[in-house]
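S.K.: Sequence:
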Amino acid sequence: MTSLLHRVGAATAAHPWRTIAGWLGAAAVVAALATTLGGPLVDDYTLPGKDSQHAADLLKERFPERSGTSARVVLHVPDGDSGTVAPTTVAAVTGQLQTLPHVSLVEPAQTSADGRTAVLSVQYDAPVTDVDPPAANAALDDAAAPARDAGLQTELGGEVPDQIAPGGNSEMIGIAVAAVILVLAFGSLLAAGLPLLIALAGLGVGMGLVTVLAGSTKISTITPTVAAMVGIGVGIDYALFIVDRHRQHLLAGESVVESAAAAVSTAGRSVVVAGCTVLVALSGLVVSGLPNFMLMGVATGLVVAVSVVAATTLLPALLGLAGQRVLGRRTRRRIAAGEPAVVVRTRPTIAHRWAVQAVKHPWRYAAASLAVLLALAAPVLGMHLGQSDASSESTSSTTRRAYDIVDAAFGPGSNGPLVVVEDLTVSGAPAPTALAAQLASYPGVVAVGAPVLDAHGDTAVVTVVPSSGPQAAATSELVTTLRADLPDSISLTGPTAGFIDFNDFVQEHLLRVIVVVVAASFLLLCLLLRSIVAPLKAALMNLLSVAAAYGAITALFQWGWGTSFLGLEKAVPVNAFVPLFMFAILFGLSMDYEVFLLGRIKEEWDRSHDVKGSVVAGLSSTARVISSAAVIMVAVFAGFAMDDSVAVKMIGTGLAVAVLVDATIVRLVLVPAVMTLMGPATWWLPGRRPRPTAPAETPTRELVLAEEMS
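Residues 1 to 710 in this note's numbering are what the sequence shown spells out, letter by letter.
What the hints contain is simulated information worked out from the structure, not anything from laboratory work.
Hints are supplied without guarantee of correctness; some may be wrong.
Stated by the list, open to error - Capping the alpha-carbon separation at 20 Å, the derived lysine to any residue pairs in SDA-like fashion look like this: (1) K218 with G38; (2) K602 with M1; (3) K602 with V273; (4) K50 with I350; (5) K537 with A368; (6) K570 with W684; (7) K218 with V273; (8) K60 with L4; (9) K360 with A34; (10) K360 with G613; (11) K602 with W684; (12) K60 with P680; (13) K537 with V287; (14) K570 with P379; (15) K218 with A34; (16) K570 with K360; (17) K602 with L677.
Computed from a predicted model, the values in this text were never measured in an experiment.
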């Protein structure tokens with residue numbers, strides 16, 4: 001791989017315009033394919049083997065007009081007005097709604113006791129993935145025009161409006177912060193701009209491929225945001241490692257082309273391996289059993305793969321064009337004047353002094369860092385997986401306002417009714433009227449609708465309104481009780497029951513994903529490091545980082561500790577899919593830093609076989625670049641924590657905390673302490689005869705840029 005990357009780096013740096021033209025041509029082809037073959041973003045909520053899926057399939061087969069998605073149009077007399085909702089206005093809106101595409105029926109308006117609120121429930125004959133939610137949402141808004149003309153407040157709720165993702169500028173926030181950090185790190189606008197350019201190029205082409213993929217598969221609405229979050233972070237980091245190594249080779253007197261080739265063959269090799277670890281970790285989503293997650297992993301992996309290719313091909317071409325300008329102006333002046341561009345620093349760096357302390361007192365540092373990690377992870381023991389609904393959104397959202405109006409007028413359970421489906425062809429199935437009476441007798445049920453039968457009379461649908469809201473534990477308990485008590489001919493579906501099944505499904509498959517990701521990453525590191533103990537240590541420490549991230553989102557979101565600065569109005573449950581998806585991403589990103597650090601320590605160990613010396617040298621030589629990369633990654637993820645979507649907030653916050661913990665407590669404290677304690681056993685491999693340890697003088701001299709010494 002090293003020789004191949006060297007040839008690629010030399011060829012692209014020597015012929016930069018050819019490479020740039022090739023990338024522009026590839027981008028144009030991808031853009032054309034995305035325009036002609038791309039498709040809309042849709043969510044696939046299929047839950048194989050679950051009760052709600054069985055009911056949905058039965059409705060699709062026998063009762064198609066009630067098998068699709070749904071929406072609500074809420075009409076409300078504004079506060080301060082003493083009037084009521086006029087029946088003529090309701091009739092006008094109903095007439096408009098009945099003409100919309102895929103609308104199979106509009107239920108009679110549900111009017112509040114004071115007459116100030118009316119809710120029109122709209123039923124579609126197709127799932128939410130097939131009605132084009134943005135267009136359907138706009139059509140609902142247009143149909144409500146008679147109510148607005150009459151002076152009523154009109155809001156939209158239900159599944160269709162919930163699919164409209166809130167807008168945000170999360171990407172721009174992360175990129176802006178990363179740009180400032182890069183300028184401070186490199187002292188050159190050009191050198192700082194190259195990682196950003198590579199990240200944007202990889203993101204642009206990668207997202208184009210995701211759009212093409214959406215034309216033949218169902219890519220979820222949150223996928224582009226998550227893919228952008230990961231793509232920007234790894235794209236900047238991978239380019240940063242190569243640019244940093246290129247600057248070192250330039251200062252050593254190498255030509256621009258040879259320097260770029262050497263940077264790609266060394267740092268580029270680590271980038272390829274690191275990218276592979278992320279891809280391996282994302283592949284764990286394939287075994288999640290959920291179509292949404294499988295394709296989310298594939299789409300994010302596409303962006304990561306393109307970012308790796310951009311860093312190892314497009315970046316050296318740009319480095320070839322940039323020449324000496326990737327160095328700071330002060331350094332270029334010193335070179336032009338014949339002065340040394342580098343100096344030897346004889347005083348130990350902060351990272352070096354820290355590493356010496358960590359290996360001198362390994363038990364102390366290991367115990368302290370482990371205690372901090374366990375304290376950060378402790379809240380995960382009380383994590384409650386749920387599903388955010390409209391009540392978690394900002395009051396600027398129409399779905400949140402619709403939720404609040406319905407809650408106040410009809411009670412919290414009206415925002416999460418249960419749909420009970422009965423197969424009357426099953427022997428012993430109770431009569432629909434008897435079923436409705438039985439349902440009404442359960443504690444926690446405040447209303448039961450009249451049974452509705454299909455045209456053949458072999459399927460009945462009964463709507464049940466709980467006394468508690470969709471997120472409440474009491475609602476989950478009611479669903480569990482009904483499923484346990486009612487005969488096999490009856491199933492529960494609808495958004496609320498579906499979310500409960502979704503939570504259960506995710507929890508059932510989480511362990512499988514964890515095992516696959518950890519095992520695959522472990523095997524990859526075994527091949528890279530030719531050791532069993534070091535990869536095992538890396539896996540355990542990555543698990544600690546993930547646990548700390550889980551603890552953080554539990555405390556910040558579920559306990560409500562972060563509501564003020566995260567832009568939330570109240571505590572919210574941890575979305576069920578967030579821990580599963582975070583694990584796949586975090587394990588890959590944590591392995592990135594592990595690859596860079598352990599690879600450097602392994603080089604020193606192979607050279608000197610000095611346990612403490614190799615740890616100190618490896619940590620002190622990689623601390624600056626890993627810390628810079630981690631700060632950028634944290635900045636990018638923190639930008640996404642400001643997104644309007646609660647799920648994106650959770651993912652961004654969790655990733656930012658995990659990377660911060662991983663790059664500080666784990667890499668700077670726990671890793672050197674534990675590796676010192678393990679000694680030569682760190683590099684043990686069955687069949688390999690250990691060499692005797694030959695202590696060497698710990699290096700304290702470091703070659704640094706003259707501009708950094710000024």
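S.K.: Next step is simple, just say for each hint if it's right about the structure.
M.R.: Structure-based check of each hint:
1. K218 with G38: holds, 11 Å
2. K602 with M1: holds, 18 Å
3. K602 with V273: Holds: K602 and V273 sit about 15 Å apart, inside 20 Å.
4. K50 with I350: Status violated; Cα separation ~56 Å.
5. K537 with A368: Since the Cα atoms of K537 and A368 sit roughly 17 Å apart, the hinted pair holds (cutoff 20 Å).
6. K570 with W684: The hint is violated at about 51 Å.
7. K218 with V273: Given pair K218, V273 is violated - Cα atoms ~30 Å apart, limit 20 Å.
8. K60 with L4: violated, 55 Å
9. K360 with A34: violated, 57 Å
10. K360 with G613: Measuring from Cα to Cα gives roughly 11 Å; hence the hint holds.
11. K602 with W684: holds, 12 Å
12. K60 with P680: The hint is violated at about 63 Å.
13. K537 with V287: violated, 25 Å
14. K570 with P379: holds, 18 Å
15. K218 with A34: holds, 15 Å
16. K570 with K360: violated, 47 Å
17. K602 with L677: holds, 16 Å
In terms of the numbered hints stated before, the structure departs from hints 4, 6, 7, 8, 9, 12, 13 and 16, listed from lowest to highest.
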